[in-house]
Amino acid sequence: MKPPAVEVERLFFSYEGRTVLEDVSFQVENGDFLAIIGPNGGGKSTLLRLMMGILKPDRGEIRLFGKPPQEADVVIGYVPQETGHNLDFPITVLDVVLMGALHRRNFWRRYDKKLRQKALDALEKVQMASMAHRRISDLSGGQRQRVLIARALCSDPQILMLDEPTASIDFNGQREIFSLLEKFNDEMTIIVVSHDMSMVMGYAKHALYVNKRAIMHTIDPHTRYQIKQQLSNRKGHYCGAEFWQDMGKKIECTTECRHA
Amino acid sequence: MLEALQMPFFQHALIAGVLIAIAIGLIGPLTMANKMTFMSGGIAHATYGGVGAAIFFGFSILAGAAAAALMAAAIISFISYRYAHRADTAIGIVWAVGMAIGVVLSDMTPGYNVDLMSFLFGSILAVGSEDLWLMALFDLLAVFAVWYLYYDFMALSFDPIFAKLQGIKTQLLHLLLLALVAMTVVLAMRLVGLIMVIALLTMPSFSSEQYARSLGGMMIFSIILSILYIISGLFLAYTYDLSSGASVILVAAFGTITLFLIKKIKKVFK
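Top line first, the protein sequences correspond to chains A and B. 252 is the number of the first residue of the first sequence in my numbering; add one for each residue after it. 395 is the number of the first residue of the second sequence in my numbering; add one for each residue after it.
Chain B extracted, bound-state conformation (with noise of 0.2 Å):
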């Protein structure tokens, strides 16, 4: 197993998933905290619209992604402030009429043999090395985001009119927690795909609620907890021939119930 790591192309997917969990785990409890995982879903499953109209018109699948899962994101906002009550209806439209456009356009364009799945469910080859500075970008941006407006979103979370009647832009402040969603879901696209980074979003991040004091420790402790699902996901994928992704995913699971069952065992004999 431990050849692997000779590998260009397994360190470019080791290191992409370091700086994936980053993000992942700064964005994750705030998404979990502002009951975003569906709407997440409807970004996430957007964006594969922009990859199909990036395959079809022949440009960029970065920058595809990105407009698609961007303007979701900017629609979700919109609708959830504007229309609160039928908004998980218009969340699912967004979610499977974006893919239906990815599908489609991927269809009308000839000859194209690219593993569309690889998308969906990520593959630990397709990571780049100009993909690992985006990543790298990010992080630094996500960082530089969460720890300026550490209080902004702590309240946004805890208590969202509250935080309104103080002054602060509630709906600003949505839509910017939103746009980092999508480009967290875009940058893990390659590595960990549209679908399941969803998982990967809500699992560290409930398991660190019932363990952290703060939302600040609650970050830590999802980072720490993403790096671990995501190394070993990469180290069954690449042993097993598997979907990068999806192993991440089934090693979360593993890890998201087995830290549940010891909460619950814990309060039991206390």
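Next comes chain A alone, as it looks inside the complex (with noise of 0.2 Å):
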């Protein structure tokens, strides 16, 4: 059998004389759509950034598929926050997916033509390969999310990893992007920090609560099923107490939750 995607042992992490991450454990199953959810500045992101070997851990242990981050070979997809910070930059919309072959260029360093096919067709599973040529800062916050969707997938990732991916986007926006992950899901596991409990609700099929400590849930099927038909008879938007009230209904709250 293969070994996890991802599995943290007695995590800790600190920053700055600040605890961030306090006895972190936890395991992600190949082909799991893991949600991470939790306050700001909860250590969400952080935990995301530990497990893409950015940071390192002041102890405890990280494995993708069965080793640390630094010497395993897997490709991990990730898909940053869309700030919006770059955007004076000039740079086209295949040029910013093209980053995620950067690794994979020939001798000059450049991107042959095999790259570049690759790169139109993570375009065209984001539904964006009309703007191929467009200037980054022409698009929309949600358009530009998806190209950075495409970047990570062009890379053939193993886990896709995203950094709040739906932050600055409308409700219908959102509903694309999380049904795109969720098709993609087929294929590759996915990580995703969310502060969008209706979306992750609807989607994933793990929960991991974090605040310091962290506290895995297992979203099952049927309410899965049940939100994501909320989700999608909605026009509109999905307002917090309308999901709040349907969770308190359908939702079996763990002891820890409760409590947390």
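Do not rely on the hints blindly, as some may be mistaken.
Residues on chain A that point at chain B, a partial pick, calculated with CB under 10 Å [to be verified]:
#  : residue
1  : PHE263
2  : GLU267
3  : GLY268
4  : ARG300
5  : ASN337
6  : ASP346
7  : ARG360
8  : HIS384
9  : LEU399
10 : ALA403
Because the hints were derived from the structure by calculation, they are not lab data. Even for Gly, the Cβ is constructed at its ideal location relative to N, Cα and C.
Using the supplied hints, reconstruct the complex from the two chains, each of which is provided in its own coordinate frame.
Right, dumping it as structure tokens:
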């Protein structure tokens, strides 16, 4: 049997003397769709960066398919939060997506035809192929986020990690992105940091609540189906109050969850 | 004004202007995209320390400046990675201390009467033919580095974290970029001046960013603008007997504001 996609064991991490993560342990099976939820500053993005190997834990172990992130030849597709911080930089959509193939360039450090085709295919998968030659700043926030997803897909990832991909996107855009992710989940493990409980409950298989410590919840398929129906019936938004009402009726909280 | 073209020193200045413009047009957009303007300022001012040391110890000014500039680039690159949250403070220190060393050492040099101002603000009289060869050589090097590492620099500028995940050695690339800035500063020192060169790294890049669609386009546009600014600045400096660097900068400022306004007006009428 294949080892789990991600194993985290007794992980501790602090930044400038402040404890960010404390005794965190969990597993993500291959093919899982995990949502990382929790309050701002609770350590969600930090945990994601630790799993990617950008940050190193103070204590504890992280393994991707059985090996530490630095040694594992696992391809991680990373999708950062779309903050629009670098929109002044002139770059086309295609060149952004090609960044996902940076490590596969030829001897002259150029992208060959095959890689360009791959990038176009990735854009096709997120329905953005027609925009390939537009400047990235001409796109809307939701479109840019899809381009960043295409960039991650372009590297043929085994694990797709997304940091709040829908933070600044309207309801319909959020739903579109999450249903795309659901489709990609057939081929890869997905880990997404998200604020949006309704999306998480409608699409993810597990939810990891992170606030210094972490608690894993399973979202049973029945609940997921019902919430997704709720989501798809809405034209505008699906407000928090309605959602929690549905949750209260339909979701069995674990004891840890109630006290968290 | 055209009789200026007959003078060897002015011919030198013009050729140097074009050669410097090529380096500035290639490197400027990258420094701006990577928010390195302040770092470049630090390098340029610290370079004056090398000039002072060269005068005091009596070795080649170009060598002294190059050593100081590269050292400053290395220190600044290291600090900006290791102590990112206080990098601006540290760069400010490198900036002032480097300059102070230069001033003190030249004060201590007995009977030294070369016009030190020309190192800061540039002079059309200062470029020799051996400088031209060095500039041409550096241009070749810069063109090759930027061509070979084009997509690496693009990735570094747009999204360094993602670039790193893709196996790009971003820290090394950052250092290389600052080293290229350092060499540009040193070679532009005689004609444009240490203080003035910083603005020349930013202004053409700023305009080209608004008009170009790609990094390559931005570089070509920056080179053309830099050539225009430097050549017109040099003619101004010759005609009215001004510091060449300061003249170039004022021309560049005029051009930059004009291009900015044109873009704004176009947007309004769109």
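Checked hints:
Below 10 Å, beta-carbon pairs count as interface contacts, and PHE263/A has none with chain B, the closest being about 22 Å; its hint is therefore violated. Satisfaction of the interface hint for GLU267/A is found here, the shortest Cβ-Cβ separation to chain B being roughly 9 Å, below the 10 Å cut-off. For GLY268/A, the interface hint is violated, the least distance from its beta-carbon to any beta-carbon of chain B being 13 Å, above 10 Å. Interface restraint check: ARG300/A against chain B, minimum CB-CB distance 9 Å, threshold 10 Å, status holds.
Using the Cβ-Cβ criterion of 10 Å, the hint placing ASN337/A at the interface with chain B is satisfied: the shortest such distance is roughly 6 Å. Given the 10 Å rule on beta carbons, the hint for ASP346/A holds: about 7 Å separates it from the nearest Cβ of chain B. Satisfaction of the interface hint for ARG360/A is found here, the shortest Cβ-Cβ separation to chain B being roughly 6 Å, below the 10 Å cut-off. With a cut of 10 Å, the hint placing HIS384/A at the interface with chain B holds, because the nearest CB-to-CB distance is about 9 Å.
Checking LEU399/A against chain B: minimum C-beta separation of about 9 Å stays under 10 Å; hint holds. Hint status for ALA403/A: holds, given a least beta-carbon distance of 9 Å to chain B, under 10 Å.
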